[in-house]
Amino acid sequence: MLKSPHADICLVLEGTYPYVRGGVSSWVHQILEEFQEFTFTIFFIGGDRKATEVMRYEVPKNVLGVHEFFLFEEGDQGQLKTGKKLPTALKSEFHQLLRELRDCATIDECACFFLKFARWMDEKNDPFDLEWLLSDPMVWKAMVEKYDDFCPYGSFIDYFWTFRFILIPLWKILKARHLIPVAGVYHSACTGYAGVLAALSAKRYSRPYILTEHGIYTKERIIEIIDAPWIYESPKRYFNIHSQSRFLKEMWIDFFKILGAVSYQGANEIISLSEGSHIAQQSFGAPKEKLKIIPNGINLEKFEAARIQRQKRRFENRGEGPVVSFIGRIVSIKDIKTLIRAAYLVNQKISDVTFQLFGPTEEEPEYFHQCVELAKMTGLENVIHFRGMTPIAEALSQSDIMVMTSISEGLPLVILEAFACEVPVVATDVGASRELILGNSPENKELGSAGFLTGISSPIETAQALINLLRSRSLQERMGDSGRKRVEAYYQEKLIMDQYRHLYRGCLESQIKEINPKEMKEQS
Amino acid sequence: MAGIGFRLRKIMKAGTFSAVTRAYLYAALISSGPLVMAIICLSALAAILSLLGGLEKFKVIYATTTYIYAFSLIITSPFQLILSRFFADCDFEKNRRKSLRFFTTSLACVGCAALFLASWFFFSLPEGISLIYRMSAIFFFVTLCWVWLMTALVTALKHYNQVLFAFASGYLTTLLLSFLFVTLYGKDWSLAGFAIGHAVLFLLLLRIFFCEVDSRGDSSSQGEKYSYRKIFWKYIDLGLSGLFYSIGIWSDKIVFWFLSPDRELVGQTFWVMPLYDQAVFYGFLSIIPGMAIFLLRTETEFAQHYEEYFRSLIGRKTLTEIIKIKSRLIDSMNREIFVLVKIQGVFSLILCLLAPSLTTVLGLGALQTGIFQVVILGSLLLMLLLVFLTVLFYLDKRRDAMVCCLILFLVNSSVSWGTLYMGEAWYGLGFVLATFSAATYAAIKVNVHLQNMEYDTFVKQPLV
Chain L
0 MLKSPHADIC LVLEGTYPYV RGGVSSWVHQ ILEEFQEFTF TIFFIGGDRK ATEVMRYEVP
60 KNVLGVHEFF LFEEGDQGQL KTGKKLPTAL KSEFHQLLRE LRDCATIDEC ACFFLKFARW
120 MDEKNDPFDL EWLLSDPMVW KAMVEKYDDF CPYGSFIDYF WTFRFILIPL WKILKARHLI
180 PVAGVYHSAC TGYAGVLAAL SAKRYSRPYI LTEHGIYTKE RIIEIIDAPW IYESPKRYFN
240 IHSQSRFLKE MWIDFFKILG AVSYQGANEI ISLSEGSHIA QQSFGAPKEK LKIIPNGINL
300 EKFEAARIQR QKRRFENRGE GPVVSFIGRI VSIKDIKTLI RAAYLVNQKI SDVTFQLFGP
360 TEEEPEYFHQ CVELAKMTGL ENVIHFRGMT PIAEALSQSD IMVMTSISEG LPLVILEAFA
420 CEVPVVATDV GASRELILGN SPENKELGSA GFLTGISSPI ETAQALINLL RSRSLQERMG
480 DSGRKRVEAY YQEKLIMDQY RHLYRGCLES QIKEINPKEM KEQS
Chain R
0 MAGIGFRLRK IMKAGTFSAV TRAYLYAALI SSGPLVMAII CLSALAAILS LLGGLEKFKV
60 IYATTTYIYA FSLIITSPFQ LILSRFFADC DFEKNRRKSL RFFTTSLACV GCAALFLASW
120 FFFSLPEGIS LIYRMSAIFF FVTLCWVWLM TALVTALKHY NQVLFAFASG YLTTLLLSFL
180 FVTLYGKDWS LAGFAIGHAV LFLLLLRIFF CEVDSRGDSS SQGEKYSYRK IFWKYIDLGL
240 SGLFYSIGIW SDKIVFWFLS PDRELVGQTF WVMPLYDQAV FYGFLSIIPG MAIFLLRTET
300 EFAQHYEEYF RSLIGRKTLT EIIKIKSRLI DSMNREIFVL VKIQGVFSLI LCLLAPSLTT
360 VLGLGALQTG IFQVVILGSL LLMLLLVFLT VLFYLDKRRD AMVCCLILFL VNSSVSWGTL
420 YMGEAWYGLG FVLATFSAAT YAAIKVNVHL QNMEYDTFVK QPLV
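Chain order of the listed sequences is L and R.
Heads up: the first sequence is residues 0 to 523, going by numbering that gives the first Met the number 0.
Heads up: the second sequence is residues 0 to 463, going by numbering that gives the first Met the number 0.
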């Protein structure tokens, strides 16, 4: 990989660009291509090395380097060795910090403490190693005290391992601040580990930190954790003296909330794509004055050909049945199973409909397999087609209606793209779907609705909406038209990118005046 | 929403609840079993030789045997503990066959070293000693070394009956053949009987071992590669514990053999000090009831509680429950030690009181009676030391165990050397002080480690 000199903007990305496809990655790619006047470095945080075998995007030339960093490397499985020990002179300071941590009662206080601790580590030049931290009796004592306060009736060995599994990646992120390149602005595309690292680096080099959240990371992790089978829950009984069976899940949830809070506290600008995420961010502790909404935008010209082709196809109408399509990765968060169940219900009423599922299937092979099985079981082999990776314009030109049953979304670009081709959309009411389909401001709403909203994991609602649309061609035309108008008015790429350009300029100009002497040292 | 975040699932997959290693080590048995056996043999030999026409006549044979026993125990001691520990590890992995290569390599190493040392020693003896004597001494030394290695392994298997049978057959052969050879060919042939008898014993033990390994064999992973040297160095503290322990036990005798003004030169070769040696050997035998109780009761009791403790960790218990089970372990240990001290103490006391009449029967003098009594006290302390050492090995505190054995060695050799100047009345003090200080040190360490037990078990876990 290229190692970069000083870049204007350092993008801190977690599990996305350039190795994983998806909405955030497309957005990043858009930004990189748009801002030819700035230089970028990319700091990619991944789970393990396997994720980075294939680059899914061609990285533009203004990217000076792509750095990779892995939270879980194979070499970790070793025995503890004695690492760098905390010098005795610093022991009392460290123990004072531990006491402060013990007194942290809220998520925000914990986040505050973490930033303070990172600053202390900076000042003292990382006085100890992970090995020391994990084997220091005082740390052990503090850990046991937390256990006694928090879950004295829970399985201790699970508590211990959860504690370690939380601590170790966090420690790595803390150490990663030595690896991340110096840049004019730090910009992360989510909270989580990436957000924490961006916040720490920005603080360390006194640079601004911009956080753009597409989905709400904390919320997504909570959803994932709540039904994670790998986190132990003690068996439930009717009569119980305590209700701590889910304490491990609570630990994980609190942990991700703290990561979120660290990002929010460290960020100078917090950007969300939609009204809905804006409110969610506040509920997770983002200060209102930092919040801002910049939606996604698309380049309408790219879809012009597809739009005309689609119109032509619909006009000619060669007697093929209507096509309902899904465009996106076949993964659990998209809840494809609900889509398949809805397809079953639709198929009972309208027999000539076909469902085309466009999108990569390799990310969660097991989930994909289950979906295929489900389609077979419901007798829909000839109705549901998994088409794999397809260019979006091509997919849209073949679609009459687009459907989406995601559990969580940010501002799905694919809805805007559907609108660009005048495809009406049936989508779950998550993320920005509501404002895209119905409009947010009064004058926006006047453009009319561009489809239907449905409840999460409700095949019946999705099916009903699809049936309504399928039965009325004129409704399809009207809704498609509303969508097109909405995109033209509010979601054009140029308008959106100008807002970011303005933001970047502002951040970069504010510090051209003062070049930090500390940074010069770091550079050499 | 794109693939922000990776799958947490992957992290937990490593689920390491089984990463609890157990350090089975029948330390007491391994470090003292052979010693006790050696001393029983030597004492029996002394008794039989006196019956055959007085110890005087067979002085050289007795001295040779004593040397062979002492030095074979010392040179095999580092291997005994390492070998049985590695075997326990393989057993824990349910792959006993894996230990075979390590076992054969150990046999070869020890065999070569023993052969070299014995040949060098016995061929440098002055003229006048017959070739057959030299050859059978060498053969005896090598087989005895192998017997000690086997004993270490086989005792870990806890097949006491079979081991007992092997020893009985081996020694019966020894006795009969020696007697036969001496009457047929003369004194020089006696050691040949010893050598053949021990070879029989070795083969019987080998058979027990191989039956056991095969019965639970898993041939699939037999070819697993590992480096002998790496394992040896990994457990070097165990090896050193064994070495220090056995030198520690013998050092008072060795100091007396080589530095005492009253020593005797036997057969122009062997320095001995019968005055001290016999009293010490007889006194040392008083440890037998204590050892028996320890093996049949204390050790089992401790092992049970120790396992229960680990089960409670893996069994998702709360910390309060874990600590409760730990305190049960400590309580039971206190109780067992008390029982042990009570029984062994009473036994030792009776022996001490009966000492004057006992020593007359055994043919020892008044001065030796004193030494005999002191050594009985020392054996009581040694018993305690063994209990604590075993606990240290269970807790895998190999470094502390090593220091403890080092203390035993240093105190025993230095104080015994001092008593030579202080006069005959003080003989035996070295052994008592050494066992006392080593046992005290071990007790303190055991106390600390038991207090920090849950911290130790968890903090020592591999990273992920």
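Do not take every clue at face value.
What the hints assert, rightly or not - Quick look at which bits of chain L chain R covers, simulated, 3 or more residues with Cβ under 8 angstroms:
1) 150–156
2) 495–503
Unchecked claim - Far from chain R by the CB rule (all over 12 angstroms, computed), these chain L residues:
3) D135
4) E372
5) E487
Note that these hints are calculated values from the structure, not bench results.
Glycine included, each C-beta is placed from N, C-alpha and C at the ideal position.
For each hint, the structure was consulted:
Counting residues of the segment 150–156 of chain L whose CB lies closer than 8 angstroms to any CB of chain R gives 6, which reaches the minimum of 3, so the coverage claim holds. With 0 residues having a beta carbon nearer than 8 angstroms to a beta carbon of chain R, the segment 495–503 of chain L misses the requirement of three or more and the stated coverage is violated. A Cβ of chain R approaches the Cβ of D135/L within 12 angstroms, the least distance being about 9 angstroms, so the stated non-interface status is violated. Chain R leaves E372/L outside its interface by the beta-carbon criterion, the shortest separation being 21 angstroms against a cut-off of 12 angstroms.
For E487/L, the requirement that its beta carbon stay farther than 12 angstroms from each beta carbon of chain R is met, with the minimum near 25 angstroms.
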